[in-house]
Structures are given as C-alpha cells and as structure tokens.
Amino acid sequence: MTFTEKYAAEIEGIMARFPHKKSAVLPLMHLAQHYYGYMSREAMEEVAAILDLDPTHILSLAGFYTLYYEEPVGTYVLEICNDLACALRGADEFVEMACDKLGVGVDGTTEDGLFTIKTVMCLAACDRAPMLQCNLKFEENLDEEKFEQLIARLRDEAANGRTPPTVVEKVAAYAKSTS
Amino acid sequence: MAYILLRHRDIENLHKLDVYREHGGYEALQKAIDEYTPAEVIDIVKASQLRGRGGAGFPTGLKWSFIPKGPGEKYITINSDESEMGTFKDRELLEYNPHQVIEGALIAAYAVGAPQIYNYMRGEFMDIGYHFEEAILECYAAGLLGENILGSDFSCDMSAYYGAGAYICGEETALLNSLMGELGQPWAKPPFPAIEGLYFKPTVVNNTETLANVPPIITNGAEWYTSMGTEKSKGPKIVCLSGHINKPGNYEIVMGMTFRELLFSGEYGGGIPNGKEFKGLLPSGGSGPVITADALDAPISYEGLDVYGSVMGSASVVVMDETVDMVWAAMKMEHFFKHESCGKCTPCREGTYWMDQLLHRIYEGEGTLQDLDVLKSVANRIGGRTLCALGDFAINPVLGTVRHFSNEYEAKIKK
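Residue numbers (this note's numbering), protein chains in the order written: chain A, 1 to 179; chain B, 1001 to 1415.
For the record, the hints were derived by calculation from the structure and aren't laboratory data.
Quantities reported herein were computed from a predicted structural model and do not represent experimental measurements.
We treat Cβ as the ideally placed atom computed from N, Cα and C, and that holds for glycine.
One or more hints might be untrue.
As the list claims (entries may be wrong) - Sample of chain A residues lacking proximity to chain B, with all beta carbon distances greater than 10 Å (derived):
| hint | residue |
| --- | --- |
| 1 | 103 |
| 2 | 104 |
| 3 | 108 |
| 4 | 111 |
Claimed, not checked - In silico lysine-lysine, DSSO-like type, Cα no more than 30 Å apart, as pairs:
| hint | chain 1 | residue 1 | chain 2 | residue 2 |
| --- | --- | --- | --- | --- |
| 5 | B | 1338 | A | 22 |
| 6 | A | 21 | B | 1201 |
| 7 | B | 1415 | A | 21 |
| 8 | A | 22 | B | 1189 |
| 9 | B | 1016 | B | 1247 |
| 10 | B | 1412 | B | 1276 |
| 11 | A | 21 | B | 1069 |
| 12 | A | 21 | A | 170 |
| 13 | A | 22 | B | 1069 |
| 14 | B | 1247 | A | 137 |
| 15 | A | 146 | B | 1247 |
| 16 | B | 1247 | A | 118 |
| 17 | B | 1376 | B | 1415 |
| 18 | B | 1016 | A | 137 |
The whole structure should be built from the sequences, with the hints applied where relevant.
The following block contains the structure:
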C-alpha cells in the first residue's frame, strides 16, 4: 500500500482546509515522512504528485525545514534541546550522557535502528530542561535515571509491537474527522 | 490578583468549552456581535492600547484598522510559531486556555470581516496541538465556528496548521509564505500583509498571547485595561522565566514590575540557586542584548529598557549567574541564529556564519585581537541591512556581550 492509499481520508481532510492546495504541502510531508520513516525520494514524489508540484519544490522544503529528515533515522528520533536556556540547566552534559548510553554520536542512529539522537534549537520548554522531544512528544525535567527509564520503555514498546499512535497521526486524524 | 490570561491556573479544566462558558467564556464575542459594529470593536481595542505580545509591540487596534473595509476574502492568522529561545508562553495558552485564544481570534475576525482563521503553530507543537484541535471541534459543535455564529450574520471558519521547524516563520511574511506552501522566507514590505497577505489577500497576523487579551478587553472595557501598566505598556504580560533561577516558569505580571522583583521575590523567581550572584539576563531571549545588575530596577515594559540599550521583546527572561562565561553564551546564541537564518539576505546568511566561526575561535582560545575587531565589524554591517528583523536580532548576542563583558573576550585572546 502506498502512503496515498493508506492516508486517503487524512489527505483529503488536510487539503479541504485550504482554498489553494499548495498550502497542504507541509502537513502532507509530515504524514509522508511518518509513513516512509524519512523524506525518501518516494515520499517526495508522492507528495508532489498529489499536489501537482514539482518534486524539486518538495526537496527544497525538506532541506529548509528542520523537522524533515533527508536521511533515514531510527524508529525513535530523540531531539534534545541544547540551546542556551537549556544549556544553563545542564543540557550539554545531558546530550553527552544520552550519546554515551546509546553508544552513538549526535545525528547517529543505534545499530538496532531504534534510536537517533539529534540536538535542536529551542523547543519552548526552557523551564523544564533538560528536555527532549521523542517523535515530537515532549519529555521534560529529565535526568540520567529518567532517560534510562524512557529508553527502557521505548525498547519494550518496540519489542512488543505496542507502538502508540504518533503525534503526527493524532493530528492527521483531526483533519480526517473535520473534512 | 486573579489571572487575566493564565486563567486555567485559577479554574480547573478551562480548556473544555463547557467550563470556559461557565466562567464567562464567549460572552465577549456575544457582546461584540450584539452591541458593537466592527468599527467600534476596532476603536475599543485601539483605546485599550493593546500592543503585540510577540515582541514587536505594534498597536493591535491600529493593525486591524489597516484592513480594507467591506466583504471579501480576508484572513486572520494566529502566530503560534513561538520559537524564540527562552519563550514558552503561547504553548501554555494553546494547551490549557485555547478557547480564550479562539475567542480573541473570532473577535478579530468580526472586527475586520474575515471569514477564515488559521492558527499557525510550530511543527513541534503537534504534541499540544490536538488540545487546540479539540477546542476547534467543540466550537463547531456549539455554533461558535461555522455559519451564523451565535445566531448572527457573522460566519467564520478556523483550522489549525503546523509548520516544520523554522524560527523565521515567526516573522509575519515568512509565516504567510510557509502557510502558502513555500520556503519560510520573508518578503520585502510593502506590500504589508494588511493589504496583500495570505493568498495576496488582506491578512491580520497576531500573536497568540495578543489575541488572548482581546476578550477581557471587550468584556471589561478599554478603561479597565488602560488602568493597568505603564504609560506606553498597558495590561498584563506573560513573562517566561528560565535559566539560573529557583522557580522557572511562566508568570503573568502587570507591566511595570521591575526585573528585580521578578527575579528575587518569593512570589516569582525566588532568587538565584545555590547562593550564586546574579551576572546578567536576557530580557527577550536571544534577540535582545544582555542587561546587567544596573538595569534590574527597570520596569518590565516596552519602553523600560530603552535607556539600557535593550528591549522587552516577548519577555523571555533567561537568567545567568556569576559562573556563566559570556563568550560561551554569545556563541550558543549565535549558533542559533546561524542555524535559523533563512538564507535570503546575504548580510544575515553570511554574517551569522562568520560570527559563529569567530566566536568559536575566540572561545577556544585561538582568537586574535584582529578576530575580535572583525567580529564587531561583521555585526555592525548586518544591522539595518536585512529584509526582516532576524538580522537585527542576530547581532545582539555579540554586541550585548561585547558591550558589558569585553574583558571576558580580551582574556581569551591568544597571547
């Protein structure tokens, strides 16, 4: 099944929100990335076809906006903010600890393909640093122990195939219901 | 004092429509529609002296008045791109008090005659965005969105929208480009969005917190609103407090309170942790120059920091204690601007890259006196030479820290 087939109702709902279909491009890219795991050539071509856009436009958007991954990433993308406000509360040391625990560098993916660590700019949670977003879900007031618990929970989730809907899917479901 | 904006802290489950209505919710919209013409609503907001809470402080009523009168394709766009380092106020409103934002946006839509509202949230807000989507659904079910709102002639639709990670989209024309499916890059004004905005139609872009101020203004009147604050800064403001502070978080204050009270009063920040001394604070995240102890008695207001060469901006107060290396802090902030520069204007695109490089070199002890001169020279050549304010913001990490802490730079220069 292609992305276009699987999410036909969501795609229709998203497009119905705008008088000009080009506006649907970022939301559709979020959904396509969710389906393919990253902004693969296939993902870009499919979005371009749905919206009658040149695939190179999708490529330029994928390069411009941080949340689109141009290379394959792990099942769980851990985006840790280490901007100044978070760094004042130990975010740089937290990044180092997280990389050590998972045995990867920043932008690296664990060998089992489960985790990618990225450092990102301010995520609007400065009062709860160190913090990260895991597949866009906020995880806040973290320390080494809580990070280990999070990783253990995610490993368990993945091993048992009990992955809950991601926030991208949740948001797309609203577009579906309002179309 | 009861909260005006962060009302969910007084009232449990305020994000639910029935609870919001039990506590006077949507009565301001009803009052606007029943008692005032659109022009009168604009006059009230003008008289309240409400100014934009995203940072620029532009008078909200005046902005609305620029929209051409009469029917036609027009848009209200809520700016929920909140990405300034140190800012997390709009997120709290969207998550816990979404109806007050929606009601404010609907009053704006009534005032300018716009049949469509978009809420542009940063992509990283999807995790809280569905709270807002839920609120939109409730409104449609209750006749507060859609055709003939509250039984009147006024009809208006609203949709949520998510960006994809770009600080620049907080700039209004970049936001509109992004909403039209383009790269989030600003355009040269004019045309201003009020004349040619979304889909080249008249568009109001208002910050989330700005719109949350509108319902209480309509309910209580402009005079009530102007009784709070300073001469040029009326009403409440949410201040985001972070960094080296005992009680970080959002605080709703009346403008005019001093930074000293915000930092050291037990009711607010509660002082600096671990008995450390205060060194400096960023009043507007990375965008405004650092201020030092001599400015602590300045009022938190749009004009309060003028004499100290800084700005309140979005009131994202990042506190730094005596242990902070200011060259390191500048380097952190400049890395942000280098990453977030959209690449359209050469001075910003190239200048942030070079400032980032030079700061790294100086921080690592490899910089020369000439590097320091080049750093200042590059900063001074960006300001005022870019399409949007990001270029002007991007030089403040350098100019602010050089101004107050030049000794720290000099101490790192290679001997």
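Structure-based check of all given hints:
No Cβ of chain B comes within 10 Å of the Cβ of residue 103 of chain A; the nearest lies about 25 Å off, and the non-interface call holds. Every CB of chain B is more than 10 Å from the CB of residue 104 of chain A (nearest about 21 Å), matching its label as outside the interface. The claim that residue 108 of chain A lies off the interface holds: its Cβ sits roughly 19 Å from the closest Cβ of chain B, which is beyond the 10 Å cut-off. Every C-beta of chain B lies more than 10 Å from that of residue 111 of chain A, the closest at about 27 Å, which supports listing it as non-interface.
Distance restraint check for residue 1338 of chain B and residue 22 of chain A: the Cα-Cα separation of roughly 28 Å lies within the 30 Å cut-off, and the hinted pair is therefore satisfied. Distance check on the hinted pair: residue 21 of chain A and residue 1201 of chain B sit about 16 Å apart at the alpha-carbon level, within 30 Å; holds. Of the pairs offered as hints, the one joining residue 1415 of chain B and residue 21 of chain A is violated, with about 60 Å between alpha carbons and a cut-off of 30 Å exceeded. Proposed proximity of residue 22 of chain A and residue 1189 of chain B is supported: the alpha carbons are some 23 Å apart, at most 30 Å.
Of the pairs offered as hints, the one joining residue 1016 of chain B and residue 1247 of chain B holds, with about 28 Å between alpha carbons and a cut-off of 30 Å not exceeded. At most 30 Å may separate the alpha-carbon atoms for a hinted pair to count; residue 1412 of chain B and residue 1276 of chain B meet this at roughly 23 Å. For the proposed pair residue 21 of chain A and residue 1069 of chain B, the alpha carbon gap of about 27 Å is at most 30 Å, so the pair holds. A distance of roughly 21 Å separates the Cα atoms of residue 21 of chain A and residue 170 of chain A; the hinted pair therefore holds under the 30 Å criterion.
Between residue 22 of chain A and residue 1069 of chain B the CA atoms are separated by roughly 28 Å; this keeps the pair inside 30 Å, and the hint holds. Taken as a hint, the residue 1247 of chain B and residue 137 of chain A pair is honoured in the structure, with Cα atoms around 24 Å apart against an allowance of 30 Å. The suggested pairing of residue 146 of chain A with residue 1247 of chain B holds, with an alpha-carbon distance near 21 Å, which does not exceed 30 Å. In summary, the hint linking residue 1247 of chain B to residue 118 of chain A is supported, as the alpha carbons are separated by about 28 Å, within the 30 Å threshold.
As the CA atoms of residue 1376 of chain B and residue 1415 of chain B are separated by approximately 20 Å, the hinted pair is consistent with the 30 Å bound. At most 30 Å may separate the alpha-carbon atoms for a hinted pair to count; residue 1016 of chain B and residue 137 of chain A meet this at roughly 22 Å.
The structure fails hint 7 only (numbered hints given earlier).
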